[in-house]
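Enquirer: Sequence:
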Amino acid sequence: HNTSKKMCPPKISIDASSIDARIMNIASHIKTCYEQAHKGWIKDGWLKKVIEQYYKPQKVKQARDERPTHLMEYCNKFLGKANLRKDRKTNEYIDESSIVKYKRCLELLKEYLKSKRMKDIPFMDIDMAFYNGFVDFMYGRYNFALNTAGRHIKELKAMLSAAEEDGCIVPQIYHKFKVMTEELDTTYLTEEEQEMLYQVDLSKFSKQDIVEKLMEYKKNYGDTDV
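Here the sequence shown is numbered in my numbering, starting from -9 and rising by one per residue.
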């Protein structure tokens, strides 16, 4: 009997009321965070971050304080690690051609802010007035086609979405920024097709050969002036 007593584990006293209180506190914290959060912020991993904030508030506060609060500040960091990012839809790493487009959008944003005598703009100041001003700038300064301006707005929204995912506080109005598009009657070459065309050595063809090729194209497609 003595042996059996030694093998038995000591009785553990559990304070149920203490556990209930902690559960209630955590539940209350989650409920408060949920009510304060914008709808677009509640994504995968949100609950884990909220619970971490409950147990390690100082660590979360420090991480939050280190997040960019301005557009250009964030975009520069975004481009610095763009090759390490993955597209959310395809789960593929962002390709070089997309990075080039992001860089061009960033250059346009710099020029726009410079025209306003600004070096950067706080995320919280990004509103419809900012959107309309940037669109007017692209039309007025560069006379962009509707699709070109729309593509840069799409890139801007993508960077703002990435900032939101990285924990930056971004006004939800950016979701309403319209990406302009229009149907085109004229068929344009893609960037890859243009590059292939530039690489063609026309010295190998006589003028007559080129004229004949153009005439053949016009016969087939009916939209080439020779």
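These are computed hints drawn from the structure, not numbers from a lab. Check each hint, because a few of them may be wrong.
Straight-line distance between alpha carbons at most 25 Å, and here's what the computed PhoX-like set of lysine-lysine pairs gives [to be verified]:
#1 K91 - K147
#2 K168 - K79
#3 K194 - K168
#4 K93 - K104
#5 K100 - K38
#6 K104 - K91
What follows is a set of in silico ranges between Cβ atoms, one per label pair, in the way DEER data are often shown [claimed, not checked]:
#7 V90 - S196: 34 to 44 Å
#8 I13 - N137: 37 to 47 Å
#9 L136 - L74: 44 to 54 Å
#10 A11 - E97: 47 to 57 Å
#11 E173 - Y129: 29 to 39 Å
#12 L69 - M118: 51 to 61 Å
#13 V90 - A119: 20 to 30 Å
#14 G70 - G130: 29 to 39 Å
#15 Y132 - G70: 44 to 54 Å
#16 T138 - M14: 20 to 30 Å
#17 M118 - E173: 54 to 64 Å
#18 G130 - I13: 52 to 62 Å
#19 A11 - M114: 12 to 22 Å
Computed from a prediction, not measured in an experiment: that's the story for all the values here. No residue lacks a Cβ here, since even glycine has one placed at the ideal position from N, Cα and C.
Enquirer: Could you run down the list of hints and mark each one as holding or not?
Expert: Here is how each hint holds up against the structure:
1. K91 - K147: Given that 25 Å is the threshold and the Cα spacing comes to 13 Å, the pair holds.
2. K168 - K79: OK: K168 and K79 at ~20 Å, within 25 Å.
3. K194 - K168: Given that 25 Å is the threshold and the Cα spacing comes to 47 Å, the pair is violated.
4. K93 - K104: Since the Cα atoms of K93 and K104 sit roughly 16 Å apart, the hinted pair holds (cutoff 25 Å).
5. K100 - K38: violated, 36 Å
6. K104 - K91: holds, 20 Å
7. V90 - S196: 34 to 44 Å: holds, 37 Å
8. I13 - N137: 37 to 47 Å: violated, 54 Å
9. L136 - L74: 44 to 54 Å: Violated, at about 33 Å.
10. A11 - E97: 47 to 57 Å: holds, 56 Å
11. E173 - Y129: 29 to 39 Å: This hint is violated: roughly 19 Å between Cβ atoms.
12. L69 - M118: 51 to 61 Å: Distance hint for L69, M118 is violated at roughly 25 Å.
13. V90 - A119: 20 to 30 Å: Holds: the Cβ-Cβ distance is about 29 Å, inside 20 to 30 Å.
14. G70 - G130: 29 to 39 Å: Given range 29 to 39 Å: holds, Cβ gap about 30 Å.
15. Y132 - G70: 44 to 54 Å: Violated - the Cβ-Cβ distance for Y132 and G70, about 26 Å, lies outside 44 to 54 Å.
16. T138 - M14: 20 to 30 Å: violated, 56 Å
17. M118 - E173: 54 to 64 Å: Given range 54 to 64 Å: violated, Cβ gap about 26 Å.
18. G130 - I13: 52 to 62 Å: holds, 59 Å
19. A11 - M114: 12 to 22 Å: Violated: the Cβ-Cβ distance is about 37 Å, outside 12 to 22 Å.
In the structure shown, a violation is registered for the earlier hints numbered 3, 5, 8, 9, 11, 12, 15, 16, 17 and 19, in ascending order.
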